[in-house]
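Peer 1: Start counting the sequence shown at 5; every next residue gets the next number (our numbering).
Hints are computed from structural coordinates only; laboratory data are not their basis.
In silico EDC-like links for lysine to aspartate or glutamate, alpha-carbon gap of 16 Å or less:
#1 Lys67 with Asp92
#2 Lys122 with Glu112
#3 Lys71 with Glu25
#4 Lys119 with Glu40
#5 Lys119 with Glu38
#6 Lys122 with Glu29
#7 Lys103 with Glu29
#8 Lys122 with Asp110
#9 Lys21 with Glu72
#10 Lys76 with Asp92
#11 Lys67 with Glu83
#12 Lys122 with Asp35
#13 Lys67 with Asp24
#14 Lys122 with Asp24
#15 Lys119 with Asp35
#16 Lys67 with Glu25
Pair by pair, the computed Cβ-Cβ distance ranges are:
#17 Asn30 with Gln74: 24 to 30 Å
#18 Pro104 with Glu83: 17 to 23 Å
#19 Glu83 with Asp24: 17 to 23 Å
#20 His9 with His79: 16 to 22 Å
#21 Gly63 with Asn41: 27 to 33 Å
No residue lacks a Cβ here, since even glycine has one placed at the ideal position from N, Cα and C.
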Amino acid sequence: MSKKHVSTDQLISTILKGIDEVKGENIQLIDLREIENTVCDYFIVASGTSNTHVSAIAGSIQKIVGKEAQEKPFHVEGESQANWILLDYIHVVVHVFQKPVRELYDIEGLWGDAKITKIS
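With these hints in hand, go ahead and build the complete structure from the sequences.
Peer 2: Written out as structure tokens, the structure reads:
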């Protein structure tokens with residue numbers, strides 16, 4: 005079975021579908037392509053209401069991206085505590101936070117020079 009290649013846009017769309025599937029909140033797409041020396045092209049940031057919800061969002065993303073795009077994250081961090089789970093898909097890095105942790109780290113503020121799109 006050959007692995008199908010998906011574009012970055014298709015990957016983003018599939019990730020957003022995974023977040024929406026379990027009602028992730030306050031979703032933002034941060035376009036980092038115009039900023040020098042970034043680790044990826046995009047961040048997708050979303051919030052969950054509890055560690056269980058954060059885990060469910062991350063799990064849904066992995067399940068749907070795996071099924072529809074045949075992609076697995078290169079690296080996953082934070083699953084044990086589920087305050088902030090990071091899914092690294094190389095060109096797209098997904099951050100799923102509990103609300104207080106998201107406010108503390110303020111990823112959107114740190115990357116204020118990037119184009120930020122709110123996804124509704």
